[in-house]
Structures are given as structure tokens and as C-alpha cells.
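J.: I would like the entire structure built from these sequences, with the hints used as guidance.
Residue numbers (my numbering), protein chains in the order written: chain A, 1 to 111; chain B, 1 to 112.
Please keep in mind that the hints were generated in silico from the structure rather than gathered at the bench. It is possible that part of the hints are untrue.
[Said to hold, decoys possible] List of simulated lysine-lysine pairs, BS3-like, C-alpha gap at most 30 Å: (1) A/Lys42 with B/Lys13; (2) A/Lys58 with A/Lys42; (3) B/Lys13 with A/Lys98; (4) A/Lys57 with A/Lys5; (5) A/Lys58 with A/Lys110; (6) A/Lys42 with A/Lys57.
[Claimed, not checked] Stretch by stretch, here's where chain B covers chain A in the computed footprint (C-beta under 8 Å, at least three residues): (7) 55 to 68; (8) 72 to 80.
A virtual CB, placed ideally from N, CA and C, is assigned to each residue, including glycine.
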Amino acid sequence: QQQVKQSPQSLIVQKGGIPIINCAYENTAFDYFPWYQQFPGKGPALLIAIRPDVSEKKEGRFTISFNKSAKQFSLHIMDSQPGDSATYFCAATRNFNKFYFGSGTKLNVKP
Amino acid sequence: EAGVTQSPTHLIKTRGQQATLRCSPISGHTSVYWYQQALGLGLQFLLWYDEGEERNRGNFPPRFSGRQFPNYSSELNVNALELEDSALYLCASRGAGTEDQYFGPGTRLTVT
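T.: Now the structure itself:
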């Protein structure tokens with residue numbers, strides 16, 4: 001059973017647009033939800049993370065929205081730039097014991 | 001401050017051989033996680049080491065094993081290599097009492 005489901009698989013937006021990537025999780029015991037950005041040939045880099053007691057968190061142009069009752073969380077990228085073109089992964093963990101990752105979203109921001 | 005380092009960058013092995021991958025965490029970090037990322041797929045959790053002990057492992061066969069050394073560096077061993085073991089193997093480290101894990105650049109393992 002897939003613990004974290006991510007959608008869409010790929011996304012194309014124009015520069016300045018607001019791509020939204022969605023994730024849904026199964027286990028209500030998860031207590032930490034990070035997002036990672038990965039460029040080709042590189043390891044993932046932490047973007048932003050949230051705890052389930054918070055409904056929204058912003059860091060620069062990146063915002064996480066968290067809906068505990070729906071067991072869903074999403075990443076919004078404001079004023080997207082071509083340099084944001086990368087693959088984005090959501091993840092979830094309980095007590096940092098084991099991280100479950102979504103399948104990834106390949107984002108292409110067109111100039 | 002140096003990030004997580006992994007060696008080698010690339011590794012080519014033949015089916016049935018053994019592979020050893022190495023990871024050096026960020027200085028001061030005591031936890032090391034290992035992941036497998038098959039081409040075009042997400043990350044699959046392999047192993048978690050903390051303070052020298054194996055704390056958890058993912059749904060992988062026993063031929064995937066590893067250890068963590070007293071200096072917190074870690075080694076992943078894959079025995080009896082199979083073609084489907086070809087993937088990018090990523091290591092991440094996390095400091096005690098902190099939330100964030102930081103990834104290395106990975107080792108690309110190719111099994112022929």
C-alpha cells in the first residue's frame with residue numbers, strides 16, 4: 001500500500017504562474033511532512049516542511065497548505081521561474097523513523 | 001561546512017557480484033538514511049542508522065545490508081547483485097534532535 005500519493009506526475013506552467021503539487025497520505029500518525037526539490041544528477045534538497053498542527057507555512061516563494069482532516073498537503077510555488085524547473089517530492093514520516101516519499105512531480109516552467 | 005558526501009560516484013558491477021557504497025554525513029550528524037531511486041521513480045527507503053545502530057529497514061531483501069561506523073559514516077552493501085538493483089543510491093544525514101535530512105549526490109549503480 002502506497003503511504004504517500006503524489007499528483008500530478010508532470011506539470012507545465014508559464015513563467016510567473018503558480019504550480020500546485022498535491023500529496024495525500026494514509027497514516028494519521030505521520031508527524032512531519034517535508035518537500036524536496038531535485039535537479040537532474042543531484043540529490044534531493046529540502047525546500048520546506050510542515051508539522052500537522054499548522055495549516056499553512058510560507059518560506060520565500062514556497063508555501064505548504066496542510067489539511068489534516070482530508071489527509072492532504074500541497075506545495076504552491078509563487079511567481080514560478082524557469083530555474084524552478086525540477087522534480088519535486090513530498091514525503092512523510094513519524095518520529096523520523098522512516099521517510100515515505102511520493103512518486104515525484106516533474107515541473108517545467110516555460111520562459 | 002561540507003555537505004553529505006558519497007563514493008563512488010558511479011559503480012558498474014556484474015550480476016551476482018557485491019557492491020559497497022559509502023557515505024560521510026555532515027559533521028555532527030548522527031543519523032544516516034539510505035534510499036534507492038530507480039530511474040524515473042521516487043525514493044524507496046532502505047535503511048536508517050543512528051548512533052551506530054540499525055534502527056529501521058525498508059521492504060528490501062536481506063542481501064541489502066549496511067553498517068554505521070564510530071565516526072557516523074556509513075556503508076551500504078548489496079550482495080548477489082541483480083539487474084533490477086541498477087539505480088541511484090542516495091544517502092542522507094540528520095542531526096540529533098533536528099528535523100531535516102540532507103542528501104548527498106548519490107552513487108549510480110549499474111548492474112550488467
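J.: None of the hints should be skipped; say for each whether it holds.
T.: Consistency of the hints with the structure:
1. A/Lys42 with B/Lys13: 22 Å, holds
2. A/Lys58 with A/Lys42: 25 Å, holds
3. B/Lys13 with A/Lys98: 28 Å, holds
4. A/Lys57 with A/Lys5: The hint holds at about 21 Å.
5. A/Lys58 with A/Lys110: Given pair A/Lys58, A/Lys110 holds - Cα atoms ~24 Å apart, limit 30 Å.
6. A/Lys42 with A/Lys57: 26 Å, holds
7. 55 to 68: violated (count 0)
8. 72 to 80: Violated: only 0 residues of the segment 72 to 80 of chain A have a Cβ under 8 Å from chain B.
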